[in-house]
Structures are given as structure tokens and as C-alpha cells.
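Trainee: As given, the protein sequences belong to chains A and B, one line each in that order.
Under UniProt numbering, the first residue of the first sequence carries the number 1, and numbering increases by one thereafter.
Under UniProt numbering, the first residue of the second sequence carries the number 1, and numbering increases by one thereafter.
Worth flagging that the hints you see were computed from the coordinates, not collected in a lab.
There's no promise every hint is true.
For chains that are exact copies, the list does not tell them apart, and a pair is met inside one copy or across any two.
Stated by the list, open to error - Derived DSS-like pairs (lysine-lysine); straight-line CA-CA distance at most 30 Å:
| hint | residue 1 | residue 2 |
| --- | --- | --- |
| 1 | K22 | K85 |
| 2 | K125 | K209 |
| 3 | K22 | K121 |
| 4 | K121 | K76 |
| 5 | K114 | K210 |
| 6 | K85 | K121 |
| 7 | K125 | K114 |
Model, not experiment: these values are computed from the prediction.
2 protein chains.
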Amino acid sequence: MDFYSFFNSSTSWRVRIALALKGLDTDFHGVNIRTGQHHDADYVREVNPSATVPAIVDNGFHLGQSLAIIDWLDGKHPEPRLIPKEPALRARVLEFSYLIACDIHPVNNLRILKYLQDEIKVSPKQKDEWYAHWIGEGMAAVERLLAQAAETYGGPWCFGTQPTLADCCLIPQFGNAQRMGCDMTPHQRTRAVVEHAAGHPAFVKAEPKKQPDYTPPPPASSNKDKIKA
Amino acid sequence: MDFYSFFNSSTSWRVRIALALKGLDTDFHGVNIRTGQHHDADYVREVNPSATVPAIVDNGFHLGQSLAIIDWLDGKHPEPRLIPKEPALRARVLEFSYLIACDIHPVNNLRILKYLQDEIKVSPKQKDEWYAHWIGEGMAAVERLLAQAAETYGGPWCFGTQPTLADCCLIPQFGNAQRMGCDMTPHQRTRAVVEHAAGHPAFVKAEPKKQPDYTPPPPASSNKDKIKA
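With the hints as extra help, turn the sequences into a complete structure.
Mentor: Now the structure itself:
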């Protein structure tokens, strides 16, 4: 299986966690979305018509969108299952994952922050406030869902004793928010899951700094470089 | 089943289509997100901790997030199935639906446009350009995926002869973009699906103007009123 990823893309990070949890090896292809490689004509035509990362090509079947890829992997390699089959747990895991994937991540990704900066000419302070606003609002909802989950399923993961799609989404979202300088101390249930994941080999393997295309962060003084991928 | 919806919310609209396709009746509750009813303490505590629309309460089980709700409905009421089981078609339908639900819809919804207007103080022209930019970029990707789908599955729906989750997502996204004044004429494959759906009773039943909480649009001169829910 070919895997197309950018080290700092949190959607790529989700799939990296899923691949590592399932113990699947891939042929890695770094796609630098900072330099626009996801818009290359060959990539769009042959790998991902959506012109995004991540993507896979599995025996000639190319597929984009992180959550569709994880659903695909769950179908072909069901151990460990990341999207549960039991209806109530499945609904809760999907609800939580979509909160991150639809309500939190999209409004703070690279292209949005670039547009705010380059087209609307927001100040660095306005950009930071934008980012922090949606993280604050979104993470408050995450904490409410985690509180509800704990009552039924306990920990140490989002939903009980096994990691699921929810954890594949939460850990990268937390990582990017932290990188952008957001104060994550109020989000205590999230932090407990993040701390637990930090000791799990699959989650460690999926971290941005462990990726073949990783490049170290530029000097802290440069605001532009903080823009999240 | 209780159903919480706002007539102009395209995520609510997705679920309305799914309910209508499956022939399910609900107890309807309008939640006016323009006046902030989705933040009411009772609603957040008892119906949807995410403080969003849509939501359902099904025999005491409350659930938010449109795509999680449709997955839940598909599990309990599988006819007609909206998220196919056959792996390749399933992957394509999910990939397409996530393109809309994760990459297009979130950056143009009500709260984002309000923040741009109220906090960043963008001009009406800048707000319209923001909206049109993401619709243009997103719909170009939609058209590429529809072209690819047509080769394998044909029409008249996004993926063959039966509506799926993809159509539940596409029709509301098109409707909102059109309401916001976007030029949708270049998106020909999308328009063909939209025209087909306009003749289907379930899609007609789900339209914003058919909802109990529908209110007619304000005068066209008022820019604020164009903000998409």
C-alpha cells in the first residue's frame, strides 16, 4: 500500500495512528502541502482528485479523506477495530470524531490561515485569536463529550479500554493546537487521554517528528512558520 | 424519535433527506441557531453536548453530528441503505461525503461568517469573496470526484441509480451556495444531480422552505441576512 502524507498534517497523522495500531507497513510518500505538492497535476490525476493529504493507493485503488481511509482499513484489516460495530458505541465514536473532523479541524487548517493572512490581511494577533477561538469552543465540546463517555465507558482512552477512531482524531488535534501555542491546560479530560497515548508505541510512531518528511520547526520568532498544516 | 433541526442548516438538511428517504416520521423541534438556541443550557445538557444542530433523541439515546445520525439510521433502518456495504463503493461514497462535510461546509457556516463579520470586521465584499473562494475550490474537487464516479457507477445520482449519503450531502451544499449567490453554472455534474433530486419526493420534502420552522428570507438589500446557517 502506498501512503501519501505530510508530517504536520493532522489528517495524515490520524491515518498514521490507524496504520500503526493495525501494524500495517506502507510505501511512504511525503507530500509537502506548504509548497503545494498536493496540487501537482500527477498527484491530483493519479492519487487524489480532491488535491488533499492524506491518500492511499491500495492494490491500485486510490482513496483520499482520512476518515474514509480509516473506514477502508477497518474493513480490510479489522484487528484492532477502530470504528466499533456495537450501535451505541459506534454512534458515540463517530459523533466525537466528526466533532473534531467537521467542527474543529477544518476552520484552522493551513489553507484557511493562509487565506486569512494573505487575502484578508489579518494581523498575527488576529490570526492567533482566530485559531484560539475555535480551539476553545471546540475543545469545550470535546470535554463535554468525554465527560459523557467516561460515565458509560470509562478510560483510559476516549471510549474505554481500547483506542478507537476518536483517539485517532483527538491526539493530532491536540498536538496541532499545542504547537500553535493554545493553552490546553483547561481541557483536562483531553490531556489525560493525550498523556496515556504518549506511552503507546503506535501513537509514538505516528508523531510528526518521527516521519521521514519531518523538518524541524523554524525559529520561534517567525510567525508565518506557526501556520498549521 | 425526536428530531432537532434548523431549516437553513445544511447539516440538518442532510438528515432530513435521510429521514425522508427511509420514510421515518419524527417529532420535529426547531432550533433557531440564528438566535443561539443551540447554546441553551437545557439543549446542551439533554439533547446535544456539542451545542450544534442537527440532533436526534431515539428511545432516550441522544445523538448529534449529521453523519453519525445517518450512520445510526442506516443501522436501525437499513432500507434504503445510504452508506453502502460493498467496500469500494462505500469508500467512494464516504470520500465524497467527507469532502463536503470536512472540506467545504465547515469553513462557510454561520458561526464562521459571523466571526469574520463581527470580530475581523471584513467588508461585505470580502465575506462574499471568502464564501465564493471555498465553494469554487471545493466544488471543483466535487466535480472531479463525480467525473470519476460516473465512469464506474453512472448516474443519475452521485454514485449510480440509488441516492446515497453523497447525495444527502451534495444537495444541501448546493442549495446553500446558490442561496449565497455563488455562480454554480460551471459545476455541471453537480447541477445534473441537483436537477434529478428536485424531482424526488424525499428530497423535495427535506427542502428548507418545507420545514415547520421556515421563515421567509429578509429583503435582498440586507447583506447580513444572507449569512448561511
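Trainee: Please write out, lowest number first, the hints stated earlier that are contradicted by the structure.
Mentor: 3, 4, 6
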